[in-house]
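What follows is the residue order along each chain.
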Amino acid sequence: MAGTVAFVVTGVLAVAHKGIDLFSATVMGIITAVGGGTMRDMILDVPIFWSIDQNYIWVSIIASIAAFYSSSAFSQKKVNKMMLILDAAGISLFGIEAVDKVWGLGFGIPLAPVLLGVLTAIGGGLIRDVLADRQTLLMSRTLYAIPVLLGCVFFVMILTYLPDYNLAGALIGVLIIFGIRLTAIQKNLTVPDWIYLKI
Amino acid sequence: MAGTVAFVVTGVLAVAHKGIDLFSATVMGIITAVGGGTMRDMILDVPIFWSIDQNYIWVSIIASIAAFYSSSAFSQKKVNKMMLILDAAGISLFGIEAVDKVWGLGFGIPLAPVLLGVLTAIGGGLIRDVLADRQTLLMSRTLYAIPVLLGCVFFVMILTYLPDYNLAGALIGVLIIFGIRLTAIQKNLTVPDWIYLKI
Amino acid sequence: MAGTVAFVVTGVLAVAHKGIDLFSATVMGIITAVGGGTMRDMILDVPIFWSIDQNYIWVSIIASIAAFYSSSAFSQKKVNKMMLILDAAGISLFGIEAVDKVWGLGFGIPLAPVLLGVLTAIGGGLIRDVLADRQTLLMSRTLYAIPVLLGCVFFVMILTYLPDYNLAGALIGVLIIFGIRLTAIQKNLTVPDWIYLKI
Chain A
1 MAGTVAFVVT
11 GVLAVAHKGI
21 DLFSATVMGI
31 ITAVGGGTMR
41 DMILDVPIFW
51 SIDQNYIWVS
61 IIASIAAFYS
71 SSAFSQKKVN
81 KMMLILDAAG
91 ISLFGIEAVD
101 KVWGLGFGIP
111 LAPVLLGVLT
121 AIGGGLIRDV
131 LADRQTLLMS
141 RTLYAIPVLL
151 GCVFFVMILT
161 YLPDYNLAGA
171 LIGVLIIFGI
181 RLTAIQKNLT
191 VPDWIYLKI
Chain B
1 MAGTVAFVVT
11 GVLAVAHKGI
21 DLFSATVMGI
31 ITAVGGGTMR
41 DMILDVPIFW
51 SIDQNYIWVS
61 IIASIAAFYS
71 SSAFSQKKVN
81 KMMLILDAAG
91 ISLFGIEAVD
101 KVWGLGFGIP
111 LAPVLLGVLT
121 AIGGGLIRDV
131 LADRQTLLMS
141 RTLYAIPVLL
151 GCVFFVMILT
161 YLPDYNLAGA
171 LIGVLIIFGI
181 RLTAIQKNLT
191 VPDWIYLKI
Chain C
1 MAGTVAFVVT
11 GVLAVAHKGI
21 DLFSATVMGI
31 ITAVGGGTMR
41 DMILDVPIFW
51 SIDQNYIWVS
61 IIASIAAFYS
71 SSAFSQKKVN
81 KMMLILDAAG
91 ISLFGIEAVD
101 KVWGLGFGIP
111 LAPVLLGVLT
121 AIGGGLIRDV
131 LADRQTLLMS
141 RTLYAIPVLL
151 GCVFFVMILT
161 YLPDYNLAGA
171 LIGVLIIFGI
181 RLTAIQKNLT
191 VPDWIYLKI
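Protein chains in written order, with my numbering: chain A, 1 to 199; chain B, 1 to 199; chain C, 1 to 199.
Among the clues, some could well be false.
Since the list gives no way to pick out one identical chain from another, each pair is judged satisfied if it fits inside one copy or across any two copies.
Computed cross-link-like contacts, PhoX-like style, restricted to lysine-lysine with a CA-CA straight-line distance of at most 25 Å [stated by the list, open to error]: (1) K101 to K187; (2) K18 to K198; (3) K18 to K78; (4) K198 to K77; (5) K18 to K77; (6) K78 to K101; (7) K101 to K18; (8) K198 to K78; (9) K81 to K101.
Hints in this document: simulated from the structure, not taken from any laboratory.
Model, not experiment: these values are computed from the prediction.
Bound conformation, chain A alone:
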């Protein structure tokens, strides 16, 4: 739920400087928070998670309204950084939780858990950016999606080769994503040159 709130707030803030009304801000907040998981569940063909537990939507709505009316506070550098850190916690938890869900369903093992883990973590943000006509993070050099990929791959390898250590594996997977992302935020790390291309 902390991840949901963080996703919502970063979602609202990401579009606020373009000028937005309360309704659209709430839509953007909801999409950022639940968009990735919705696509995951549609691909898995299981009931959409927020149709079973509507608290995800309630929390998204309340956090959107709160973020909308207190957005001046968030523009301060310190609060903004705190949100980036919460967002890092969000992608870590969402990604690893999704791997666990997809693995438990035996869906397209071993590739699909990784793909859908990454999709769940970054998918909502991608839809928001497309709707707001912002550059999507896929086209930026920010070190954002790669940590999610590494954490999900790690967790899938644990589930494959050391299934008895799945809980420890999930925890370390979360820490891998959160740790790399946190370092990237603190030190303004970008994607290194040897895996970056511009022709």
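Use these hints to put chains B and C onto chain A, whose structure you have.
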């Protein structure tokens, strides 16, 4: 069906000034008309409505071709206004009809009927705008989605607290959306300042 | 599979000049190759094809990495043309194969097989272009989607009126798409004026 035709025509007109061929115009017309309902049915995990009644697609194709070849007529101010009014009828009927469908399935009550009502009404237009690289209505100050939200919330409240009056509730819900939207078109109303933010 | 590889490589090349990292390039490659078929299977409500045969994803990943590190070769005019030709083969095979799949399921005959044939062939490229903020092919005058439409309509007509000749029909359908597209590449054909509109 009148709503479908209006959606198609506004869909084609929305992209015509950018230069478009008959095929793409038809694709845009179909997407505007059935895109929202398609996403709704995919989330609900029920058969897509146009796979059962293909007339929605036939009507979309015919209306797209007609709009394409008669688009010079639509650029006239009067006809354009008539289309906006038909479009207002479209979002009213599509939104309330979707609430009714989602409620009938018992899906994520009470939040999901509202969410999917709004999605059905505006989703097709959002996809069209993204594909045509137009500013989506979420980023504009036009009073467009908020009336849909109000009408859907009203209808859900009737279904919850006064289920015996569901028919009257649906009718009033349609009138709420249509009435506010019509007033907004006539008086060029935009989203009021107290729910508008630009940081 | 040749079609998959071609789709991946054109997908990676399409975004490489904007500057992209290995991860994002791979995501773009995968989306270009499997995005259309994924949307088709979600609409059909059948298991996503790559969850059953993960080789589509493995091939996409390997081809993406190969394209990423050898992209300088692809910028040469000759190799680029070869890729366009492979891509033409890709849309031909993907489109007709999708018509066959949808027809076999008896889904929304006769319209849905055509719609989903076109969606399968061009859908992945549309998502890629939206995520990379490129102009989608729907807004360009390139003769790309119309050949797919013609081939799919032809194949559906054979399946309807001459079902005994379905194999020959599929083959001719592929040749129609591939032939028109190849001619368009060789002679730089664009959409003719009588089906093009700009108001």
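Cross-check of the supplied hints:
1. Taking CA atoms no more than 25 Å apart as the test, K101 paired with K187 passes in neither setting, with 33 Å inside one copy and 51 Å between copies.
2. With identical chains, the CA atoms of K18 and K198 are at most 25 Å apart between copies only, with a shortest distance of 6 Å across copies and 29 Å within one.
3. For the identical chains of this complex, K18 and K78 are intra-copy neighbours only, at 21 Å inside a copy versus 32 Å across copies, given an alpha-carbon limit of 25 Å.
4. When the C-alpha separation of K198 and K77 is checked against a cutoff of 25 Å, the pair qualifies only between copies, where the shortest distance is 17 Å, while the shortest distance within a copy is 32 Å.
5. In this homomeric assembly, K18 and K77 come within 25 Å of each other (Cα to Cα) only inside a single copy, at 19 Å, whereas the closest approach across copies is 30 Å.
6. In this assembly of identical chains, the alpha carbons of K78 and K101 never lie at most 25 Å apart, being 35 Å within a copy and 46 Å across copies at closest.
7. Within a single copy, K101 and K18 get their C-alpha atoms no closer than 36 Å, and across copies no closer than 35 Å, so neither meets the 25 Å cut-off.
8. For the homomeric pair K198 and K78, the shortest alpha-carbon distance between copies (20 Å) is at most 25 Å, but the shortest distance inside one copy (34 Å) is not.
9. Within a single copy, K81 and K101 get their C-alpha atoms no closer than 30 Å, and across copies no closer than 43 Å, so neither meets the 25 Å cut-off.
Comparing the model with each earlier hint shows violations of hints 1, 6, 7, 9; every other hint is respected.
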